Each structure stands twice: as structure tokens, then as C-alpha cells.
Amino acid sequence: MSVFDYTLEELQQKLHNKELTVTDLVQASYDQIDAVDDQVKAFITLNKEAALKQAAQLDQEIDQNNHPLFGIPAGIKDNIVTKGLRTTCASQLLSNFDNPLYDATVMERLNKKNVITIGKLNMDEFAMGSTTENSSYFDTRNPWNTDYVPGGSSGGSAASVAAGEVFFSLGSDTGGSIRQPASFCGVVGLKPTYGLVSRFGLVAFASSLDQIGPLTRTVEDNAYVLNVIAGHDKMDSTSANVDVPNYHDALKKGVEGLKIAVPREYLSSQEGIQPEVREKVEAAIEVFKSLGATVEEVSLPHSKYAVAAYYLLASSEASANLARFDGIRYGKRTDHAENMIDVFKNTRSEGFGDEVKRRIMLGTFALSSGYYDAYYKKAQQVRTLIKQDFDKVFENYDIIVGPTSPTPAYKVGEKIDDPLLMYADDVLTIPVNLAGVPGMSLPCGFSDDEGLPIGLQIIAKHFDEQMIYRAAYAYEQATEHHKKRPVMGGAK
Amino acid sequence: MTDISKDQVRHVAHLARLAITDDEVDTMTKQLGDIIHYAELLNELDTTGVEPTTHVLDLKNVMRKDEPRKWIDREDALNNATDHQNNQFKVPTIL
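Protein sequence lines correspond, in order, to chains Y and E. First residue of the first sequence: 1, per the UniProt record's numbering; consecutive thereafter. First residue of the second sequence: 1, per the UniProt record's numbering; consecutive thereafter.
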């Protein structure tokens, strides 16, 4: 048994019983990284010296602390700003951004609870992609089979947790970027309600959609992390001023009497849902029934328009957000420029990868004179229809259940040359971002031939993360999928 | 159906402050055209009278008092820049 098999609660017990020290945990993280990260390639930057120093300090303070995150090694997606620790967004443009000047609000909150930052995790450049192949540094691989992608854009965040390199990680989700890699790597990933977690210090991709969320081994661990990072922040004017409950309190309430909706579009072969995925999700639905929930089929009729609306909206917002990368105040400036316009153009062309350029171009086009109404405004109207689909279902149901992704992980290189094929991957996760509701992916089985994880998605209404945790915990306790680990070399 | 031309791609690239090669213009014209054609799926829906959603939460303007507070030092702020001089960011001649 590895220390990575323990839950956060068990780890605190062992720290307090002196069976383990914080230094042991941090050392275990770096030992596992040494053993497997040349295959998994989850980390862009490590924080080893500072992490070990912090661990030694915390080992003196263990008796005065009992928070479940105390001394826990975590990985952070590289689009979350960390003071003094290089933050690249997996882009060449930020390859020299060695000394960010402040911490994102989520980092301040984790630091206050003495979480230890092990390093910064690989991702698709500026969070644009579904496989982590758009990182300008290297591909991250799926720990269950390193010929396969880990998903994306938070591929490093999911792979590092699955590979036992950290006890939890933070990712960000704009169209599925936490849930889809969580599904592909067999971990628990939550995209909170838009506005629940501060975006201050998250490098903006699409500001009306982006949310930071936790990736963990178990549902319970996930609730513990959300407890710390959720809540109003005056530094983010889109942060919701709502009371944050203790999510852990919701876990054990069970699903008896809950009303579960299954959208027929989410099990339809028209949306490319593989039979095997459908089968595992249907089996999960049977588990909910056996636990006393009622399940009914519903429709989210505008689902098939979500991907098109999303790519117009997210790219439009990205084209504005990424205008800040000009090479002047930070980031890598071009060596080839005689005048100001060339500084901008060459810095950006040398610094951005193909997918980022493609989306900036699409967004600029959709917002440009003569096209704004036909594309951008139209997409915003369709967003309203998609949001109404969810509102209507949640009038009568507590949660929506379906697959996270139409397929298990696929091979590296399989979709990278066809942007539209890649975008279609997000068909089941994007509507959740457009509606702003919370969604979680958790393991619900494994593919028969390759043994790759399959994810179950649970969606609730705005700010009802408690309901998600309640259903997810009940399912997890009734099944064994979360106990399975990828077989990798490394520290035991 | 809207087709996007090579000239339009060059124009959009200029607006987006991207330098693109002739090869990239060719690829981009095709790829953007494909994505835009796909997006025209939305035209199946009659959205007359549907309010656009810019933001999912019912937020009003969030105001704060305009008060000075300590933030980052000038020296730190300049430190991440490729070029600076006399406490200012340095760029090529503009005028």
C-alpha cells in the first residue's frame, strides 16, 4: 500500500499519530515524480526546495493543527498564478514568467491551510484543448496507458492525481477541462457553479465560463478541498456573494427519494456516445435506483447546438483576454521588431501555438464589424436557450446524470489534426459551462479492451454542489471503481 | 453560407495583432471556414426575441471605493519585463 491510497482524513490521523510526517508526504510526492514523471510528464515546474523547507517547518506545528488539508502536497495547474513560482500557461510566450508578483486567491486560501505546492502542472496552452497535446512544452500521458491522452486541458492535474504524484490538484474548466481529464484518468473532478470560486489570479481564457475546481482520488477529499477554495472574493467582481455551506456535511445524506434526470441526448449514439460508455452509465443509473432514487428520462433539446455556440463565445472572449499578451510588461518579447506593431505581432506569433492562434482568429472574426450579430450575438441567444433547458429540468429534478465524455481516452495523435473532431469531444461538458451550473466527473467503470476509465457526470442547479457530493458519495460508497489504481512503476 | 476569404483572414490577423505567413493564411482560411460553416448550425434555431446571455449570474455592477492601498512595488513590476529604463517599460520608438 502506498501513502497515496490514504484519504485526506486518514492522512491527518497518521500525521497526528506520528506514523507519518509532512516531510514523508512531500518526499513521497517527489519520489513518485522521480519514478514515473518521465512517462507521465505531468509537471512543467517543480517547487522542491521550498516544499521540503515548508514541510520541515510544518512538522514542528502538527500538534496545533487539525485541518484536513494541513501539510498536504498538491499540484497546481499552470494557469493559476503562484507568487514567485514560474507560471507559464504551457505557452512559450510565458516561458520566462519566473516571478509572478501575487498569488491567485485560491492559492492564498490553500496556503492559509498549509497546503504544500509540489509544482505546476501541464495543460493545453492557455487551457485551449482536450488532450494536453497543445502544451508548447510536451504531451502529458495517461497513467492508465501512456499511449493514450490524459484529456485536457487540465491533463497534468488529472494525470498527477491518478499517478499518485500528489494528493490533490487544482484545474480549471471552461468547457470541460476539469471533468473530461478526470473522466479519462479515473479521478474525481468538480467544476463548481460559475462564481463560487474566485477567478482572481486564474489567467483568463473565457471569463464568463472559467471556473477553478479540485481533482481528487475520492469524493470526500474533493469536498474538503472545495470547502477551502469556495467563497466570495472582493478581488473578483464576478465572484458570487453567497453563503458557502460545509460540503462535507452533505456527503452522508444518501440518495433515497432523490429525483434523477437522465437526458436522452446524453445517451444518444447521434452525439457519438460509445455503446460501452452508455452501458457503464446505465449500470450507474441502476445503482442509484437500488439506493432508492427515482430516475426518469428528460430532454435537453438544445444540446446539439452547445458546441457551436461555445466555440464562438469562448473564442470571442479569448480574443479579448489574450490581447494583454504583448511582450511589454512580462512574457517573452520578440527579438525581431523595428517598430511597435511588429513587437506586438511578432511576440504573439512566436509565442502562441496553432490552436491559440486559431481561436484568437475565430474570436476576432466573430466580434468584427458586420459579423457580430450573425455569430457572437446569435451564440449568446442560443446560450439563453441552453440555460433554459437546464432551468426547466431542475424545476422537477435534483440532479442530472449522464456520461462525462462520449468515449474513453483515445491515442495520442488521433485527433490533434482535426480541430472540429476535437471540439466535438466536449459535447456533454460544454452545456454545463454555458448554463453556469456545477458538474462533477467520477469513475463509473473501465473499458473492456484497454481498461481505460469511464466517467459519470453529475450536474446540479446553481450553487447546489451539496447535492452533487451527496449523490456522488452514495454512488462511490456503493461501488469499487475508485479503489482501482493504474499500474505504474515507482514508489510504494 | 458565409465563406471566409484569404484577404479576410489577413485582415482579421492584423486586427488580432498576429503576423501570419502565406502558408498559415492558406491553412487558416480552410480551418476557419470549416469552423464557421459548422457554427452556422445555430441558424436552424429561430432566436427572435430571445435575450442574449452575457453572464449566467444575475450580477449588477460591482463597485468599490477608490482608495489607495499597498499593492506591488515598481521595481517588482518592472522585473518581469524584457526591457526597462528609468523606472519605465521600454519599447521601440512609437512616433
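Derived by calculation from the structure, the hints in this document are not laboratory data. Predicted model, so just to flag it, every value in this text is computed and none were measured. Glycine residues also receive a C-beta, built at the ideal position from the N, C-alpha and C atoms. One or more hints might be untrue.
Said to hold, decoys possible - Below, in silico cross-link-like pairs of lysine-lysine (DSS-like), each with a Cα-Cα straight-line distance of 27 Å or less:
#1 Y:K377 <-> E:K6
#2 Y:K253 <-> Y:K289
#3 E:K90 <-> Y:K83
#4 Y:K234 <-> E:K60
#5 Y:K415 <-> E:K30
#6 Y:K415 <-> E:K6
Claimed, not checked - Okay, the calculated beta carbon distance ranges per label pair:
#7 E:R69 <-> Y:D147: 46 to 56 Å
#8 E:M63 <-> Y:Q57: 34 to 44 Å
#9 E:S5 <-> Y:L291: 57 to 67 Å
#10 E:E40 <-> Y:G254: 18 to 28 Å
Sort out whether K60 of chain E lies within 27 Å of K234 of chain Y, counting only the CA atoms.
holds, 14 Å
Notebook entry, point to check: Does the alpha-carbon distance linking K415 of chain Y and K6 of chain E stay inside the 27 Å limit?
Noted result: holds, 26 Å
Please check whether S5 of chain E and L291 of chain Y have a Cβ separation lying inside 57 to 67 Å. holds, 58 Å
Is K90 of chain E close enough to K83 of chain Y, meaning Cα to Cα at most 27 Å?
holds, 24 Å
Agreement of K253 of chain Y and K289 of chain Y with the hint, judged by alpha carbon distance not exceeding 27 Å
It holds: about 16 Å lies between the C-alpha atoms, which stays within 27 Å.
Notebook entry, point to check: Does the hinted range 18 to 28 Å hold for E40 of chain E and G254 of chain Y at CB?
Noted result: About 47 Å separates the Cβ atoms of E40 of chain E and G254 of chain Y, which means 18 to 28 Å is violated.
Regarding the pair K377 of chain Y and K6 of chain E, is the alpha-carbon distance no greater than 27 Å? holds, 24 Å
### Query
Between M63 of chain E and Q57 of chain Y, does the beta-carbon spacing fit 34 to 44 Å?
For Q57 of chain Y against M63 of chain E, whose Cβ atoms are near 41 Å apart, the range 34 to 44 Å holds.
Consistency of beta-carbon spacing, D147 of chain Y to R69 of chain E, with hint 46 to 56 Å
holds, 52 Å
Restraint status (C-alpha distance of K415 of chain Y to K30 of chain E at most 27 Å)
The hint holds at about 17 Å.
The structure fails to meet hint 10 from the earlier list, while all remaining hints are met.
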